[in-house]
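Number of protein chains: 2
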Amino acid sequence: MLSDIDISRAATLQPIQAIADKAGIPADAVEPYGRFKAKLTREHLPVPRDLGKLILVTAISPTPAGEGKSTTSVGLADALNRIGKKTMIALREPSLGPCFGTKGGATGGGYAQVVPMEDINLHFTGDFHAITSAHNLLAAMIDNHVHWGNALDIDVRRVVWRRVLDMNDRALRDIAQSLGGPANGFPRESGFDITVASEVMAILCLADDLEDLEARLGRIVVAYSRDRKPITAKALKADGAMAVLLAEAIKPNLVQTLEGNPALVHGGPFANIAHGCNSVIATRTALGLADYVVTEAGFGADLGAEKFFDIKCRQADLKPSAAVIVATVRALKMNGGVAKADLSTEDVEAVKRGGVNLARHIENVRQFGLPAVVAINRFPTDTGAELTEVIAIAKAHGCDAIVCTHHADGGKGAEGLAKVVVELAEAPSQFAPLYDDDIPLFDKINTVATRIYRAEHATAEPSVLAQLKRWEDAGYGHLPVCMAKTQYSFSTDPAALGAPTGHSVPVREVRLAAGAGFVVAICGEIMTMPGLPRVPAAEGIRIGASGEIEGLF
Amino acid sequence: MLSDIDISRAATLQPIQAIADKAGIPADAVEPYGRFKAKLTREHLPVPRDLGKLILVTAISPTPAGEGKSTTSVGLADALNRIGKKTMIALREPSLGPCFGTKGGATGGGYAQVVPMEDINLHFTGDFHAITSAHNLLAAMIDNHVHWGNALDIDVRRVVWRRVLDMNDRALRDIAQSLGGPANGFPRESGFDITVASEVMAILCLADDLEDLEARLGRIVVAYSRDRKPITAKALKADGAMAVLLAEAIKPNLVQTLEGNPALVHGGPFANIAHGCNSVIATRTALGLADYVVTEAGFGADLGAEKFFDIKCRQADLKPSAAVIVATVRALKMNGGVAKADLSTEDVEAVKRGGVNLARHIENVRQFGLPAVVAINRFPTDTGAELTEVIAIAKAHGCDAIVCTHHADGGKGAEGLAKVVVELAEAPSQFAPLYDDDIPLFDKINTVATRIYRAEHATAEPSVLAQLKRWEDAGYGHLPVCMAKTQYSFSTDPAALGAPTGHSVPVREVRLAAGAGFVVAICGEIMTMPGLPRVPAAEGIRIGASGEIEGLF
Chain A
12 MLSDIDISRA ATLQPIQAIA DKAGIPADAV EPYGRFKAKL TREHLPVPRD LGKLILVTAI
72 SPTPAGEGKS TTSVGLADAL NRIGKKTMIA LREPSLGPCF GTKGGATGGG YAQVVPMEDI
132 NLHFTGDFHA ITSAHNLLAA MIDNHVHWGN ALDIDVRRVV WRRVLDMNDR ALRDIAQSLG
192 GPANGFPRES GFDITVASEV MAILCLADDL EDLEARLGRI VVAYSRDRKP ITAKALKADG
252 AMAVLLAEAI KPNLVQTLEG NPALVHGGPF ANIAHGCNSV IATRTALGLA DYVVTEAGFG
312 ADLGAEKFFD IKCRQADLKP SAAVIVATVR ALKMNGGVAK ADLSTEDVEA VKRGGVNLAR
372 HIENVRQFGL PAVVAINRFP TDTGAELTEV IAIAKAHGCD AIVCTHHADG GKGAEGLAKV
432 VVELAEAPSQ FAPLYDDDIP LFDKINTVAT RIYRAEHATA EPSVLAQLKR WEDAGYGHLP
492 VCMAKTQYSF STDPAALGAP TGHSVPVREV RLAAGAGFVV AICGEIMTMP GLPRVPAAEG
552 IRIGASGEIE GLF
Chain B
12 MLSDIDISRA ATLQPIQAIA DKAGIPADAV EPYGRFKAKL TREHLPVPRD LGKLILVTAI
72 SPTPAGEGKS TTSVGLADAL NRIGKKTMIA LREPSLGPCF GTKGGATGGG YAQVVPMEDI
132 NLHFTGDFHA ITSAHNLLAA MIDNHVHWGN ALDIDVRRVV WRRVLDMNDR ALRDIAQSLG
192 GPANGFPRES GFDITVASEV MAILCLADDL EDLEARLGRI VVAYSRDRKP ITAKALKADG
252 AMAVLLAEAI KPNLVQTLEG NPALVHGGPF ANIAHGCNSV IATRTALGLA DYVVTEAGFG
312 ADLGAEKFFD IKCRQADLKP SAAVIVATVR ALKMNGGVAK ADLSTEDVEA VKRGGVNLAR
372 HIENVRQFGL PAVVAINRFP TDTGAELTEV IAIAKAHGCD AIVCTHHADG GKGAEGLAKV
432 VVELAEAPSQ FAPLYDDDIP LFDKINTVAT RIYRAEHATA EPSVLAQLKR WEDAGYGHLP
492 VCMAKTQYSF STDPAALGAP TGHSVPVREV RLAAGAGFVV AICGEIMTMP GLPRVPAAEG
552 IRIGASGEIE GLF
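First to last, the protein sequences are chains A and B.
Each residue of the first sequence is one higher than the last, beginning at 12 in the numbering used here.
Each residue of the second sequence is one higher than the last, beginning at 12 in the numbering used here.
So that you can see chain A by itself, here it is in the shape it has in the complex (with noise of 0.2 Å):
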């Protein structure tokens, strides 16, 4: 079987306005980065009439056998192409720094890819460049404004905005900064996190328009002054200048499948401790050009599709019509219990004990009103009795489950899903968030940890209550949650695979997004700054004698 980066490059790619005329994308409108990728100028779009279908693709629990859900979302939206459906995918832009370390790249896998690959997962069109010197310039005038006098009043000891990198250093996690005398300012403990985990990320992607960047970014509250007011990148008089440098970053871009398809990708917020799914704008750009448009989410839908749901399609006013949820029988058993080496070995009892994971991600998406069909990623150790069992078990939720072979066939392989996701988008949309926009923030943060984690309750230090409290007595009260704990579990504990019941959900931490529009409640340990391993990739990455990059994936 040929690698991914064979496969992609193999490929003879369209050039990008090629692909932008198949989309119904005037001229005007592309601004070429290459041969194979551009921006969108949104002003020279067609204004929508009729809007697509929004379709959502989800996951089991992630575990490291893997489940594709990106492999899974290009595939369906090839797939859909092939059933004469206009389809445009929209994804996350990939995070540089991670290359580098142990991950591979984010444009999916096998023949249901998003080209050019390495473009994609290196400096792309230069958006997380941009938000990383958005969100510095800010930490920058902060410190700036105290050393020369402080008129706003900030404590040292209570500035929140850190500074970021898209770069694994575990050195940069903690630092104290200005130090070297009075020239450099006041020293204080700080620290960095990677590019991502940046609020900036995560308004980029929420925001409706430059406009709304703009006064997002304003609201952002990067510090609390000595008498715990708190203060904003607009009291500091940094928004404008953010939005100037994130003003091409804002553009979607575009890029193409393998099956020659347009693709969005735009956006790629943490999906801890921000919503981790693709830009609004990117998402409404495609709604306005394409009958449908498949998206995904990051994590398992306990995270990745609440967030979905109930941050970017309540900020956005989106109605998805309906949601994948993608397994793999490797990734079931060992929900089951299989440990990663033995996950070869034919095992459908593990199957049936895994399937408790699958069963109530379809239940939980079932809550907010929206059709759900399984897709199950075939990998070619599986068998015919297990994947019997894992429709079976979806099939006893009431659920069809799709055996798809998209990694090895192309859209093809992914017809059978696109037709049940045809059936199940043309119904009129249930959609609607998990909870209002009213009730207390502890409330909101209960109400996710008891109907989607399935726990007994969310718990909470009293410093961490009156912190919510605080904040619903300045204004903030009518945000959502953004749950920020381990992708592996149901519950806070990363062991807990399967269905986990009986447990709580201890809040150790929140954090405002004032610009984002979110509260961040953090349940167990987030690290938002990643090390390199041993071994990083960056040590077999070169360009070849060819001039091709090696050892990128």
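To be clear, the hints were calculated from the coordinates, so they are not data collected in a lab.
From a predicted model like this one, the values you see are computed outputs, not experimental measurements.
For every residue, glycine included, the Cβ atom is placed at its ideal position computed from N, Cα and C.
No false leads were slipped in.
Derived Cβ-Cβ restraints for the label pairs, each shown as a range:
1. Asp328(A) to Pro57(B): 50 to 58 Å
2. Ala21(B) to Leu62(A): 38 to 46 Å
3. Thr113(B) to Gly380(A): 54 to 62 Å
4. Ala352(A) to Leu163(B): 31 to 39 Å
5. Arg169(B) to Ser14(A): 37 to 45 Å
6. Ser14(A) to Pro505(B): 52 to 60 Å
7. Ser14(A) to Leu163(B): 27 to 35 Å
8. Ser557(A) to Pro391(B): 54 to 62 Å
9. Pro37(A) to His55(B): 25 to 33 Å
10. Ile537(B) to Asp32(A): 51 to 59 Å
11. Thr23(B) to Asp447(A): 47 to 55 Å
Please build the complex by placing chain B on the supplied structure of chain A, with the hints as guidance.
Only chain B this time, still in chain A's reference frame:
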């Protein structure tokens, strides 16, 4: 008078492919970045037969009055095109960070600009972001190597590779990193420089091609072992991944002048701790396409031109044909002791007093075997008597001085200058660097100090001399030196204007840039991470109601 940005916006830009056509660049070699920018792939360019003539634009010692070196470079290139010489200009890319501090753009001014100026001054084609990523990947790999066992026995007290950001941020000049416990590595002191100060920037600008780039990256010395052996980027296996990150950045960027002439804007190393001129690749590409190539060096001729000759031309085997020394009446008056507030009052005696600065720069340029002409960048307040005095000073030193009005009149205002440049350049080049490769490092420093700065001698503590000796023993003795001193004076005292004599040049510190291929001699305080001023320009930068950027310049 219209502002630079108003003039820039009022211009009708030609599509970048039209500019490429004019320059004789085939469509295959053009990778568009939007409509008015492109990267050039050199393998698709025609193989040059005769190389064009290379014209260096340099200047007298800079003052707050401004000289207009970039403006004169653009005006001269437009003028050469007007008088029938096929001419390209090769300039540095501006740094993003300082745009938000006090500095305006670096794309010329008035009717002598390269455009689109907002793009060029902001993210442009992402080159500086790529350099930031490559630099910081190496930094992360150093700490990661130590964290996972330190097989190379890196002495963490002797890590000389800092991190970079393209931002003015004094808080990052000196930091303590890797705090927070064992998972974050071994705490040590460190800090950030601005991206233009990165050795990766200097390397990108001196590399012949991608292969040479990777080899140079591999030679970077990042630290010393406990037994004082240099540890290189190659030993850390970082060179390949860094080259991959820079594979797009190394391609020169094509833009246009306001008069529609082709301009390559590529690379922008600091002119103090680095050599301060655009990439060798851009200069060579232009020389292969045009009859004349106008390029520019940083600061005054004592720093910028000397490094252009002794570092860039030496390494790349370039033979410049003539030098243009930009002077203004105002700057000469400041060199003659007039305060900035009084510069609009006629003062011929002050011009005469300050003229010693111009005279010495003329003499210095001649030491490299190059014919020179003085370009007087005319300001509205200059009087006839003052201009006559400048012409007389130049004449007394065997050099024409031409009054230029390209700021107000575009290329037409520099036609007189262009004609003299052609006359000078028609003679065969007698160019030679100032010193030979094989003299000791300190003798090289002393040669520049005595022959260019006209000091009595250079001095250094025994520890500095011992360090130079160790590098000579380690095989770095053949490298040229890169002098880092104040740009405001021939001496190391920024207040000593004019043409000081009798001074000495104390070398405070030396740094090895083994990848770039020079040894930096730091004389006096050199700031490698600027700060923001009390009221940063960022506060006034925003996207206006018309959708155009306000406050950037």
